[in-house]
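K.L.:
Below, each chain spelled out in residue letters.
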Amino acid sequence: MTDPSSHWPRLDDLVLDGALVRFGDRVDDAANRAAVAYAEAVRAEALPGVEEVAIGPVSVLVRIDPLAPERAGTLARLRDLLAARDWPSAAPPPGRRLWTVPASFEGDDAPQLAEAAALAGCSVAEAIAALTAEPLRVLSLGFAPGQPYLGTLPEAWNLPRQAGLTPQVPAGAITVAVRQIVLFANPSPTGWRQVGRCAFRLYRPGGEDPFPLRPGDLVRFEPVSPAALAEAEARPDGGAVCEAAP
Amino acid sequence: MSAALTVLGIAPGVTVQDEGRPGWLMQGLSRGGAADRLALAEGAALLGQSPACAAFEMVGAGGRFRAERALRIALTGAEMDARIDGRALRWSASHRMEPGAVLEIGGARRGSYGYLHVGGGLDTAVELGSRAAHLTCRIGRRVAAGDSYATGPDPDPEGRAQELAVEDRLAGGTLRLVPGPQTELFPEPVRARLETLTFRRLPRASRQGVPLGAVGGEAGLDGAAGLTVVSDLVQPGDVQVLGDGTPMVLGPECQTTGGYPRLGRVHPADLQRAMQAPPGADLRFAWITPAEALKLEAARRAAASDLPNRLSPLVRHPSEVPDLLTRQLIGGVVSGHPDHHPLDPEPESR
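Chain order of the listed sequences is A and B.
No gaps in the numbering here: position 137 of the first sequence is 137 in the numbering used here, and each next residue is one more.
No gaps in the numbering here: position 324 of the second sequence is 570 in the numbering used here, and each next residue is one more.
Please note: incorrect hints may appear among the correct ones.
Stated by the list, open to error - Here are the simulated distance ranges between beta carbons:
1. 165/A <-> 384/B: 16 to 24 Å
2. 538/B <-> 43/A: 30 to 38 Å
3. 155/A <-> 489/B: 23 to 31 Å
Unchecked claim - Chain B is nowhere near these chain A residues, computed Cβ spacing over 10 Å in every case:
4. 86
5. 121
6. 162
7. 191
8. 218
9. 222
10. 224
11. 226
Worth flagging that the hints you see were computed from the coordinates, not collected in a lab.
Yeah, the Cβ is synthetic: ideal placement off N, Cα and C, and Gly gets one too.
Looking at chain A on its own, in the form it has when it is part of the complex (with noise of 0.2 Å):
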C-alpha cells in the first residue's frame, strides 16, 4: 500500500459494511465541510441498496446491504460521484440552520473558565468573547446521542484535554480543548475543561425531529446570566433558537 496520506480523499469497500470515503486523516474544517457536502449529494441520490449515510469527523459512511443485487452499481456510483467535484470547496448544503444558544459563561456554570483562558493566553472577558463572537459548525455528533463537537476555535484553544477526569460535568455543559467544544448530552465525566453551560437539550424523546442538530449546523452561543439561564430552562430547547443559515 501507498502512504495513504498522499491521497485523499479515498473510499474503501467495507464489503459487509458499504463503502467509507475518507476526506483527510486529522479534522480540519475542509475535510469536515467537504464530508457535510458529499453526505448530502449521496443522500439525494437515493442509491439502491443504501441503508445510511452517516458522517463522521471527515468520512462518511455509506452503509448498503452487502447481498443487495445492485451493491456493485452503487459503490460504482459512489466512487463517480467522488471524482465529479472537488468536496472540500463544495458549497455548504442548503438546508442548514443556525442555532442562537443561550448560554451562562459565570460562576458555577464556568468552573474552568479562568484556567481555560488562562491555557489560551487570555483574560476571561476576552475568552468569552473567542468563544461566542462567531457561529461555529457541528463537525459531528458522538460520545451520547445528539452530542455535538462544534468547531473549528482559533488555533489559541488549541488546549490539551485535562490530564485528569472532572468526575462529571451537568447536561448542558460547554466544555473546551482541541480547538473544539462539546455541548454534553448528558452528565458525564470528562477530560474537557467545563467553560460555561446552556439549557438546550439535544435528545427530543418522542418528538418529530428527536435530535435538534445536524452536521454542519451553525451553533452560536448567546452569553446570559444566570438568572437568564434560568428562566431559559423552562422554555422549549433551553431558549434556544434555530433559523435557516446565511
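Knowing the structure of chain A, use the given hints to seat chain B on it.
P.N.:
Just chain B now, kept in the frame of chain A:
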C-alpha cells in the same frame, strides 16, 4: 393491555432488548439491541413469531417471574438453570406457563447472555423505533422487581412446546475477521501472528464491548497502539486496539465514533460467539477474505431463515418429570435410562 408477567426478583443485568435501532449512527446512537441476535431469532422461531419481538436479556443470571395469565415462553442464548414451579426446564425450548405459575431463572451454566421470550413479545414503550434499552445512551432502564409487562398478541397461544437444535456459540472458539480500512496500519507479521494467539475476555467485558487478553503473554499489538488515528465511525464487531495494545471487540452498545486503530471487523456470524464467551473460554481470530465474508453472510441469513425447520416437539426425559412416581405409566414399565424413552409427552405440548 393487562399485565402478562410480573417480575418478583431480578439479577442486576436484565434489560429488554430487540434488534435495536439502526440508522442513527450520525446522531451518535449505536444500534444497540440484543448482544446475541441469533438468540433473538431462535426465540422467535420457537414461538412462531417475528424476530422483531422484544425479550428479556439476562446477563449472567435471570430472576423470578410470575405468569398473570396463561402464556408461552421460550429460553435461548446462555444456558441458565430454569424452573417453573420447581420443575426443571429444557433450554433452547419453548414452554407453557399457567396463570400464577412462577418461573425461576438462575445463573448461567454456559455463555453470558440468556434470553426469556414471551408469546407476542414484550409490549414496552417504543423509542426511536425500538424497545431495546440502551443504557449508555440513557434510553430505557434495567428491569426491576415489581415491574409488570404486557405482551403483544401471541400468534399461536395454543402452540406446542418445541425445542431447537442450536449452533453452539457459548464457549469461545474462532472469530472470523474481515479486513477493514485500517487493517494495513498493522504490519503483515503482526496480522499473521494474531492468528496464532489465544485470547480470553477480560473482566470488564460488557454490552459496549469485549476486551481481550492474550493467554500467556503479550498480543504484540502495542506497536500499532500508539498510532494516532482520526476519530471515525465505528460499529459493533469492529476490533479496536486500545492504547495498551488490548484488542476490544465492540458490542451492540458501543460508541459511534472511536479514535483507536481498528484491526478489522468480526463477521456478524461470529459476533454472538465473542459476546457470549464466558470468562476463561479461549477465543482466536482467523482472517477471511472479502469473498469469504460475503459467502458467509449469505449462509448466515439462510441459516436464520431456516431456524423454523430445525424445531422439534419438546418431549421430556423422565429425569425432568418431578412427579414421575405418582403417574400412571403405560404397562408400569419405567426405564432406568433417562436417554431411552421419552416417556411422557410434555403436558404443556397438548
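K.L.:
Look at each hint and say if it fits the structure.
P.N.:
Results for each hint:
no.: 1; hint: 165/A <-> 384/B: 16 to 24 Å; verdict: 19 Å, holds
no.: 2; hint: 538/B <-> 43/A: 30 to 38 Å; verdict: 31 Å, holds
no.: 3; hint: 155/A <-> 489/B: 23 to 31 Å; verdict: 26 Å, holds
no.: 4; hint: 86; verdict: 20 Å, holds
no.: 5; hint: 121; verdict: 25 Å, holds
no.: 6; hint: 162; verdict: 17 Å, holds
no.: 7; hint: 191; verdict: 13 Å, holds
no.: 8; hint: 218; verdict: 17 Å, holds
no.: 9; hint: 222; verdict: 24 Å, holds
no.: 10; hint: 224; verdict: 27 Å, holds
no.: 11; hint: 226; verdict: 26 Å, holds
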